[in-house]
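As a plain string of letters, each chain reads:
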Amino acid sequence: MNDLAVFFLHGLAYAGLLFLVSSGLTLVFGMMNVLNFAHASFYMLGAYFALAIAQYTGSFWLTLVVAPLLLLVLGAVVERFLLRKVHVLGHVHELLLTFGLAYIIQEGVKWIWGNNPQAVSIGGFLASSVNLGGIVYPVYRLFIFALSAVLGLGMALVIYKTRIGIIVRAAVNDSAMVNALGINVPYVFMGVFAVGAALSGLAGATAGPLLGVFPGMAGAILVDAFVVIVVGGMGSLGGAVLASFIIGQLQSFGVLLFPNFSLALIYMLMALVLVLKPEGLFGEKS
Amino acid sequence: MKTLRPQIMAWVIAAVLALLAAPYLLPPYQLRLVTEAVIFSLYAVSYNLLLGYAGLLSFGHAMFFGVGAFTTAVALNQIGGLSIMAAVGLATLATLLVGLVVGLLLLRVKGTPFALLTLAFNALFFAIGVKWHTVTGGDDGLNIALPKLNLGLAVLDPGNGPDIYYLTLIILGGALLFCWRFTRTAMGHSVLLLRENEERMRFLGYNTNITRLILFVFTGALAGLAGSFYTILNSFVSLDAVSIDMTTKVLLMTFLGGTGTFLGPVLGSFFYTYVQDFLSNLTDNWPLIMGVIFIVMVMFAPGGLSGLGQTLAARLARAKTTP
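In order, the protein sequence lines correspond to chains A and B.
Letter by letter, the first sequence follows residues 1 to 286 of the working numbering.
Letter by letter, the second sequence follows residues 1001 to 1323 of the working numbering.
Pulled out of the complex, with its shape left as it was, chain B reads as follows (with noise of 0.2 Å):
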């Protein structure tokens, strides 16, 4: 990956000063979209790594979702005194491990296989929702009472808008740039030699079952971080977090904003949130639209916005050069 060049780095620090003001600046809906869209950036991130950096396509990114979405809401409800950020740390960790065991599972088999078994293992984990009723509330979903966060300068209320953008902000975010500091290691640069040639890749030397079961565990960690959010934004949890459709939004926000960069599914999320918010409004058969959208975007601008948007600087630029 080459280095950020001085524009991109200027528009970042922009979007970074203008979200941190975004409290002061948006009525509580906006701020509260702008949450849910941070939450949804750190899940199509952590889904591009696989996809886009390692091709992996995966229809199963909900499962982790789901188990961390789960995970924090059964433990602050059944342990008593827990903070938040222990239950959102014992969500990650719950994550982990069904990433390692899924994963030492699923990565038996490459390409379609994998897709389509990734989908079986999603429907599984739904059913296990809906069947285990007495832990995850079956069809009726969890309510929970959120703690409020003692920072020790600070007391964090979870229930209120400013407070819980703030933390997500800066939790999450910092995952995202834990995300980008990984694609630069040495591991990250051996992930992107999985897509392009991983005979090759074997024959340099590397494990890559082992490359690939990291990158799976790891991604679906983040995936269950995200998920983690999800509920305490809601302070409620459903089955939706773990269905089809969940995996479905991922893919969506990912390839709308384009695999082919790292803020492509970050700017997918957004436009996504925005989209449907402004799609809802109008009729019910938002997601027929968004359906639509994709599929169009799938054949005639593969590269996502971000690639739409690379295509067109690539155009501006070349005008500019020959007159």
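Excised from the complex, chain A in its bound form (with noise of 0.2 Å):
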């Protein structure tokens, strides 16, 4: 019983990154129809962000704000320079643009810091582990998914309360509607497109002392974050929700359960939803 619990709270905390990094993609792709191949290269790049941070200043909580706010930039300069420029030219050609770019952030991230894994430490409170009755369970996983839920939270405020989240649904839904009433359309998307690298490099950051980073991580969560806003729904954020609750799980049960096909119980999730709702569960006809 206790194991079942341990690792529901694994699937949980796993849940929380996978959130913070498709909540983003699944918002830019409603918005533009540009699937980011990049975006999982941002969480790497947070997780590498935060290592040279935390190697420099020896302070994790600074990595926490500083490397969002550097992918935050990040973002908005490949959108205003990269993205922009090829729009014009079709959807093959942005998502081309995302993926060399992907590439790029691969090969550059294997050149400044090496093909070896490293590892982050964290000091103090965070390192230590609580007991929940009867179950002594590490704080930083609980922590990586509280983080997730209060972001997830204000996420959904914003989105759901406010004049800038009315535009951004609005946007989402039929975007030359909404600039042909008078909203700067393009400026609100390099807004989305960036929040959405800086929440992707915060969980990179906050990803790295939990899975360790290395070059190959951009690509390991890529897939479960494609898998997500697949199952989810494209577009919505309420499938991203509940899609990354679902594969955390699935993740974490299947180590339990079939530690050699783990992966398996994914796509076999992916491929029933193709079959039975093409769509994704929370996704519009198109």
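Hints are computed from structural coordinates only; laboratory data are not their basis.
Hints are not guaranteed to be accurate.
To be verified - Example chain B residues on the side facing chain A (calculated, C-beta under 7 Å, incomplete):
| no. | residue |
| --- | --- |
| 1 | VAL1109 |
| 2 | MET1299 |
| 3 | PRO1302 |
Stated by the list, open to error - Label-pair ranges, simulated between beta-carbon atoms:
| no. | chain 1 | residue 1 | chain 2 | residue 2 | range |
| --- | --- | --- | --- | --- | --- |
| 4 | A | GLY114 | B | LEU1308 | 31 to 41 Å |
| 5 | A | GLY216 | B | GLN1030 | 31 to 41 Å |
| 6 | A | PHE258 | B | ASP1245 | 25 to 35 Å |
| 7 | A | GLY216 | B | ILE1079 | 44 to 54 Å |
Glycine is no exception: its CB is placed at the ideal position from the N, C-alpha and C atoms.
The task is to assemble the complex, starting from two chains supplied on their own in separate frames and drawing on the hints.
Quick look at the structure:
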């Protein structure tokens, strides 16, 4: 029984990370119909920036602030000076551009930091464990889940309760119409893209101490994030929450039940959704 | 597709003659590069039939290349007395079946979700390669002993540079010709229609899903054939053959050469093979440079090298007519 609870909590922590990565991905896709293959590379960059900052300053908390900020700027630059330029050439070119960018970031990271996995150490309270009614559980995993839950709630508040949120939702629905109403959609899009990059970077910075920092980490989470937005429905934030939870749990219990085939569970889920509801759980029929 | 202009035809004939004479002109290392470029040409042309002709952007072409490469190695290792050509045939058949199963699932979605899912499936095939190490050799890869190929008149030794070169040139060159023919059949034309206006195509009574599936399976089998020769050339196969990097490679080759023409990807694969050879002598970070070249091309030369060539030719022609 205790084992099950532990694996459930493990699943929650991973679901938190997945949600931070996939929420930006799904919103950007919903707005501009651009799937950003480099999104997981922002996650990886977040982890490496955090590693560098932690090594330089010795403060883990600082990494959680500075790494996302750097990614915010990088995201804005990528959108403004690269993605927007190829927008006129069509979707295929946008996808190719983000794919090429992911490739460059991957190779750049290998060049600067090498191929070996690196560990980020967290000190103090975060590195300790707490007793949750008989289960001794590491604080850090709980912290990751709490952080993503708080950010998820904050995001929901912004998106469903503020004017900016209304504009973003409207732009996800019909960006041409929003543009016609006098709102600067490219500007909004740049903002969403940058915030998505920052969230992804934050996820990377928090993932570093848990999963290690290595050049393959982008590819590892990219596939999971893709499964999240396919299962949840592309462009749906609620879908991303539910699918992140399901896939986090599948990952976690998959390792417990079928150590060698845990990956297969996720693909089986995806295949099932594709056959029964190709638009995803919360997706709209196109 | 319009017929070839005479100048282009002359270039093609000259290129074919040069290819046939290559073993007498080139040192062994250079010949090996050309063999590799021919293999990648088929891989890239098959990819371009999806991307350039049908407008289907796939990030999973390496799963076919890899299945072909691994089936060849496993078949030659496990089945005693199997000839190379039988192994190549088996590999192509296996890829055909994989393409059919994957295609039936993936082609339920279109556009961006399709691109995303192809990448996810490529990752799945890579993971299978890692986990199933009793068969695939896992991270170590598989060495194979290549049997000689008895053709009756002559015995080919696949370990010998010129022999494997001619074998590759004839079989894969034949496959390339077949692709060229295919683009000019009714089926090949309907593929273009798929790219231009699928809705209209359906109105005209075509079953677009079947067209797409046939094309997907066909191009997959061609990639498998290329992968099979890749294994034979190296007499070794590793997980590299089924990795996302192998998908990136075909994407770079196809796009660098240009998606707008049939021969663009051939140009691209030769360009890529030689630039890689050149850069990897200078620096270990050649993929980074390749990636930057790719991004610059995507942003400023979306037609690739052949697109640049066409623009240049058009400009020259205009300069001639307007003195």
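Verification of the supplied hints:
1. VAL1109: With a closest approach of 5 Å, the VAL1109/B hint holds.
2. MET1299: At 6 Å from the nearest chain A Cβ, MET1299/B passes the 7 Å test, so the hint holds.
3. PRO1302: Since chain A brings a Cβ to about 5 Å from PRO1302/B, closer than 7 Å, the hint holds.
4. GLY114/A / LEU1308/B: 31 to 41 Å: With Cβ atoms ~36 Å apart, the hint holds.
5. GLY216/A / GLN1030/B: 31 to 41 Å: Because 34 Å falls inside the window, the suggested range holds.
6. PHE258/A / ASP1245/B: 25 to 35 Å: holds, 28 Å
7. GLY216/A / ILE1079/B: 44 to 54 Å: Between GLY216/A and ILE1079/B, where Cβ atoms are some 34 Å apart, the hint is violated.
Against the hints set out earlier in the document, a violation occurs for number 7 only.
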